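J.: Fit chain D to the known structure of chain B by using the hints.
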Amino acid sequence: MFGYIRTDDPYLYKKDETLYNACYCCLCKSIGKLCGQMARFGLTYDVTFLSVLLHNLANCDITINKERCVSHPIRRRGIAAPDEISEKAAALNVILCYYKALDDFTDTGKRSVKSAVFQNGYKRAKKKYPEIERMAAKRYGDLTNYEKSKTSSVDMVADPFSKLSAEFSSFVLGDSATEDTYKIFYFIGKWIYIIDAIDDFDKDKKRNEYNVFACAFPDCVSGEQLIKEHGNDVFSTLNSVFYHLKEGVENAKFYFNKDLIENVLLRGIPKQTDAVLKKYLKEKEN
Amino acid sequence: MPLDLSKKNNYEILGVTAASTDEEVAEAYKKLKAKYSEDRFLPGDAGNDAAEMLEAVEQAYSAIQTERNIANTDKSSERETKREEPKNTSNQETKSDDADYAEVDRLIKAGKIDEAQQKLDECSERRAEWHYLQAVIYYKKNWGNECKKQLEIAMTKEPSNAKYKESYDKLCKELDFKNKNFTSGNAAEGKNAQTAGKDFDPYDRQMGGDPCLNSLCQCLACNMLLNCCCRCR
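These protein sequence lines are chains B and D, in that order.
Note that the working numbering gives residue 12 to position 12 of the first sequence, counting from 1, and the numbers run on in steps of one.
Note that the working numbering gives residue 35 to position 35 of the second sequence, counting from 1, and the numbers run on in steps of one.
Be careful, since some hints might not be right.
Unchecked claim - Okay, derived cross-link-like pairs now, DSS-like style, lysine-lysine, Cα gap no bigger than 30 Å in a straight line:
#, chain 1, residue 1, chain 2, residue 2
1, D, 165, B, 246
2, D, 170, B, 183
3, D, 112, B, 246
Unchecked claim - Not everything, but these chain D residues come out facing chain B in the computed CB check (under 7 Å):
#, residue
4, 145
5, 146
6, 174
7, 205
8, 213
Hint data in this document are derived by calculation from the structure and do not stem from the laboratory.
All of these numbers come straight from a predicted model, not from anything done at the bench.
For each residue, glycine too, the CB sits at the ideal point set by N, CA and C.
Excised from the complex, chain B in its bound form (with noise of 0.2 Å):
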């Protein structure tokens, strides 16, 4: 479920470039910090957008200092100082991996060497910001429900990692969190969820999983069909996920200038969902 916020290369900044990288840096050592050394294996983009994001409407500012890191020894990187939002991020981070092993645990039936390697950094997460892993255990008990359920409203099963989105930004945010700022982080985990969900349509059909896209449309026997047959469907239910962000990112307030935002959420994330539809459209081609 990871991995899909990306920048758009060509209209990032290079200054932009230069936080993001710090950003992701600093964030893989705070795993190291908190939850020990495997858990940084589980670092993604997803979270480290997340604490900018964070970072931006806290009016927390970072500092970049250049310092060397295991994996890239010889040259010294700008890397962000630690503080409260990376931490909690981190520990977010971690405890995602973490259900994400699990949920694939009960989805094949095979334990998988990952919820071995998330269960220490998970346990010492859990100790630091048990606040997180409640919110992180409810949402996803909820989500197995419905995915139990068979459910095929896309609105219902993307709620819940939706909310543990928005529920970890109003958690960080505290005072400053606003019915905007709230909005943005709600549709950045609907997002995640409905772009996974057309992503492994495929993969699901073929091993009998649950998918939400697959329980709507009983008839579609591929991604492709699915595309072709339903793509109004699926597009409303995207194109509204991006009014909402457009809507949310004109109308929160930001203490920092919000071209990362900006160039993340209106350019990647529609850059990105276009090349996920495309795989299916490509694949006709050949």
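T.: For chain D alone, kept in the frame of chain B given last:
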């Protein structure tokens, strides 16, 4: 055990009849599920048969449930149409429903979405307004598609109501939202042109500060040095 499932209908698989109540069906389902869940680990064909039966039982039960749900909603909508005709006689009920709807509306406005949903679920009669309120709740929960479905129901029940139509059109605009701004590629440039005239924009602070802004220069300097080295051969 002979597995001739194709000839059996859903009720026969569960060992009940179409006349059985929901509780009886559920009871039979539970018993069979427990039995086959255990039996499927038996060695050989017995295990395989049990696994197949388990699947059949699951399918039969869910089919019966959907069937009965549809039948129920049909019945209730029939009841609604019947009620609507002799409107004067059931005036009192309509009034109490109106009061309920007003209460739901108040709860929504107060931001108590969960309470509103609960209250709405308690309403027995589902008129157009009910579906409209459900749509509003879905909208508040950011469930665009479900909201659209409810509005569509409300509109078919009361096509003359302008409020429903208006909300529906507004929602459709969101769902048809095309992100022209980003794909045509000028969002960032347009903004730069706007901010170019300003001396200082408080919202244009760069997060991370100097290291971010200087990085390009460093890269360039680095690049230049490297280039120099290469050419000095």
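J.: Now tell me, hint by hint, if it's right for this structure.
T.: Taking the hints in turn, this is what the structure says about them:
1. D:165 x B:246: holds (25 Å)
2. D:170 x B:183: holds (18 Å)
3. D:112 x B:246: holds (26 Å)
4. 145: holds (5 Å)
5. 146: holds (5 Å)
6. 174: holds (5 Å)
7. 205: holds (5 Å)
8. 213: Holds. Min distance 5 Å.
Going through the hint list in order, the structure satisfies each hint without exception.
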